[in-house]
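Student: Construct the complete structure from the given sequences, taking the supplied hints into account.
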Amino acid sequence: MLRVTNGRVHDPGNAVAGEVRDVWLDGGKVVAEPAAEPADVATLDAAGCVVFPGGVELHSHVAGSKVNAGRIMCPEDHVDHYRCRTDVTRAGCGHTVPTTYLTGYEYARLGYTTLFEAAVPPLTARHAHEELRDIPILDTGCYTVMGNNHLVMKVLSDPDEERRAARLRDLVAWLLHATRAYAVKIVNPGGVESWKWHGGPVDLDTSVPPYGVTPRRILTGLAAAADELGLPHPVHVHLNHLGVPGNVAVTLASMQALAGRRAHFTHLQFHSYEATRSGSYASGAPAVAESINQHPEFTCDVGQLVFGPATTMTSDAPMEFRLHHLHKDKWANSDIEMESGAGVVPMRYSPRQLVNAVQWCVGLELMLLIRDPWRVFLTTDHPNAGPFVAYPMIVRLLMDREFRREWLEKLNPRVRRFTTLHELDREYTLDEIATVTRAGQARVLGLADKGHLGVGADADVAVYREQGDRERMFAAPAWVVKGGEVVVRDGEVVAAVDGRPLGVDLGDPPPLAADLAEQFESYSSVRLANYAVEDAYVPDQVLIPCAP
Amino acid sequence: MIARQQVGLATCTLGEVKNRADLVIFWGCNPRESHQRHQARYSASVKGQFIPEGRKGRRIVAIDVRPTSTTAAADQFIQVEPGSTFETATLLRALVAGKRIGIEEDAKVGGVPLHVWRELAEAIKAADYGVILFGLGVTHDRGHDLNVEELGALIREVNDYTRFYGLPMRGHGNVTGSNQVMGWQTGYPIAVNFNRGYPRYNPGEFSVLGLLAREEVDAAIIIATDPGAHLPGDSVAALQAIPTIYLEPHVNTTTGWATVVIPVAPAGVAAEGTFYRMDNVPLRVRKLVDSPFPSDEEVLRSIKETILHA
Ligand SMILES: [Zn+2]
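In order, the protein sequence lines correspond to chains A and B.
The C-terminal position of the first sequence is numbered 555 in my numbering, with every residue numbered one higher than the one before it.
The C-terminal position of the second sequence is numbered 603 in my numbering, with every residue numbered one higher than the one before it.
It should be emphasised that the hints constitute simulated quantities derived from the structure, not laboratory data.
Do not take every clue at face value.
Stated by the list, open to error - Facing chain B, according to a computed beta carbon distance under 10 Å, are these residues of chain A, among others: (1) A98; (2) E346; (3) S357.
Yeah, the Cβ is synthetic: ideal placement off N, Cα and C, and Gly gets one too.
Tutor: As structure tokens, then:
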């Protein structure tokens with residue numbers, strides 16, 4: 008048994024806001040305070056500390072084919088960022104695309120204990136699971152990309168609305184089960200397929216070859232399927248026109264299309280730009296934040312820009328090609344048959360670059376203008392907008408408006424004409440930070456045992472020493488506990504336990520419909536019987552129930 | 294590998310080649326000998342979703358230094374001089390970009406008249422979905438990685454006009470899997486040195502040939518390869534002079550001289566695991582028969598545990 012005592016507990020899921028109380032852990036769970044002092048108890052004296060639930064990362068790129076393509080393509084990212092092995096940890100390297108082991112240690116060193124890889128094409132799902140198994144300490148899961156999947160688009164091309172919905176529901180369940188994934192991911196719906204046909208960027212009502220379905224139908228169809236299956240996490244949406252000035256229009260229109268459905272909009276910073284008259288970037292954050300404020304069924308994460316090196320990697324192949332053209336630097340692409348695409352482009356964001364400065368402000372504007380911290384989450388879309396190791400600094404930016412002002416001074420001065428950040432005075436409280444870094448994520452993921460410290464929650468706890476400098480405070484936790492074991496002490500990993508894979512309990516989904524199976528056998532380069540990920544890749548997967 | 298680190302590579306899976314590629318260029322490779330089912334399954338006769346006529350729906354071009362069964366079955370064979378890959382790829386880049394070439398139309402580049410290259414450049418731009426499948430004739434030609442880099446640049450630039458991709462025709466069993474695992478565990482696909490306690494990367498210096506030539510290796514574990522057959526004679530001699538542990542299911546040119554040979558169950562026959570196809574698609578290989586011998590993984594695990602607890 009382990010007791011965390013004397014700390015000020017911030018557990019927004021249970022409305023505990025900084026009260027000094029003990030947290031008792033036993034058998035991997037939070038337990039009630041025992042009636043009598045137990046004989047065998049270890050104590051962490053958290054006097055002068057805040058006690059948070061373990062952090063929950065709901066959108067990051069840490070495992071699988073495109074992440075590894077980024078690692079292999081960018082040795083210059085690793086050479087100055089390495090860690091020697093210790094008695095408990097393995098060696099590793101990489102700054103924006105760290106090796107799997109280092110990824111686990113670095114997340115744990117910030118107090119995170121749960122992690123989701125945000126974009127896995129079904130054909131390479133085995134690869135993602137192999138890497139997730141090599142990420143120590145954290146419980147992990149992944150999302151399956153479906154927004155350009157041929158079987159999905161074929162089903163959606165059915166004019167019969169009812170049959171279409173029923174068949175899509177079965178197909179989504181089958182795909183999730185085949186990939187052992189946790190949620191439905193949509194990336195640039197229809198846009199990746201369109202690119203393969205030399206089509207331009209798609210709008211909500213562009214008919215996309217070869218099935219003639221529109222992004223609107225893909226979005227609404229998949230959102231409805233996720234809802235009707237009762238998946239713990241709603242559709243996780245990367246919208247069309249990522250990174251393009253003026254994309255606020257398609258963002259708002261997509262939100263309108265999904266109104267009334269649960270939906271999570273990811274890295275919204277990249278989707279919240281007005282266009283200036285010269286076609287350059289201006290903030291569209293106020294309008295997007297207002298839309299989120301008005302729709303309690305929506306959640307979002309921000310994808311905050313971090314100045315310095317980044318590695319962009321998405322299934323949004325056409326967007327990566329566009330980025331490559333901005334810099335003419337390296338570009339990796341992989342079209343994936345019948346499913347998806349992928350691109351990787353290294354990047355460096357600079358505060359003097361007006362575009363980057365606007366993007367940086369837009370992220371913070373969204374965080375500050377969206378009022379409900381349960382519906383906006385802190386991410387950097389790691390490593391697209393920057394590496395996750397920047398979280399402590401971003402926390403300080405949210406909590407400390409003086410620090411924000413100092414940073415605004417360092418930006419390209421024209422940024423004030425195109426953003427409103429300098430007008431915003433809001434400062435996050437510790438409770439709000441606990442919400443946007445764990446409690447809110449756990450709730451929208453449907454992880455009832457994560458993101459809080461009530462009895463029955465997983466024994467995942469992060470203890471930070473109170474300091475005025477919030478960046479230093481959150482950069483080196485006094486202790487991090489995972490599953491009841493102390494894994495980090497004073498910011499260093501002291502035990503590298505294994506995390507568990509997370510999945511959803513879909514029962515035994517119906518087999519793939521005969522016409523879809525035939526299409527698959529005709530055009531895939533693997534046999535249907537060899538497609539689904541075997542149990543061996545997700546040993547002892549924890550299955551979260553669905554609520555249809 | 295090194296070329297990918299310089300410019301990246303635009304590529305696609307083999308199913309995309311099958312379903313979409315209307316122009317297939319075999320450059321310095323002979324899949325009819327080296328990858329015998331490749332053309333029938335993915336790249337020539339196969340019917341794809343958007344290439345319903347199969348072979349008739351694809352234009353096939355073979356570029357090589359000598360006639361082979363692959364060049365014989367192509368619609369067009371461009372026979373080039375050895376050592377000309379970099380030069381011809383550079384020329385194609387210029388032609389695709391519409392740059393003025395300051396030579397006569399019948400002047401030769403790589404032993405082939407300029408107008409042939411001009412026609413190829415036009416065919417590349419006119420294709421809907423083109424791929425270059427390249428092999429040892431590119432990677433082992435004079436220039437090595439620079440050739441791949443130049444091909445990569447060509448492929449990248451053609452994407453301003455149409456979809457166009459490159460796939461290395463890799464052999465050697467699960468070499469792709471080895472690159473992938475090294476990539477996620479160490480950050481680098483090949484040539485990783487741990488002697489300072491963290492991964493360092495320097496192809497050449499830390500490659501097998503370099504390490505053996507400088508006699509820096511004092512013991513070796515050899516897995517899933519036959520150095521007796523694949524390495525040059527002086528590298529083999531360097532290995533023979535040190536203790537070697539060899540994990541191998543079959544008798545071959547290395548088993549005779551390795552210090553210790555541990556027979557293992559062959560993967561995909563008597564041991565399961567993951568195989569990364571040449572297009573990086575991960576496949577499960579199954580265990581079909583029992584073997585009296587342990588798998589590579591079991592052997593390595595028990596060696597590791599024995600050392601840890603020694
Ligand atoms: Zn992302």
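Student: Evaluate each hint against the coordinates.
Tutor: Evaluation of the provided hints:
At its closest, the beta carbon of A/A98 sits 4 Å from a beta carbon of chain B; the interface hint therefore holds under the 10 Å criterion. The beta carbon of A/E346 is positioned within 10 Å of a beta carbon in chain B (closest approach about 9 Å), and the interface hint is therefore held. Annotation: A/S357 was flagged as interfacial toward chain B, and the flag is violated, the nearest CB pair being 22 Å apart, outside 10 Å.
Checked against the numbered hints given earlier, this structure breaks only hint 3.
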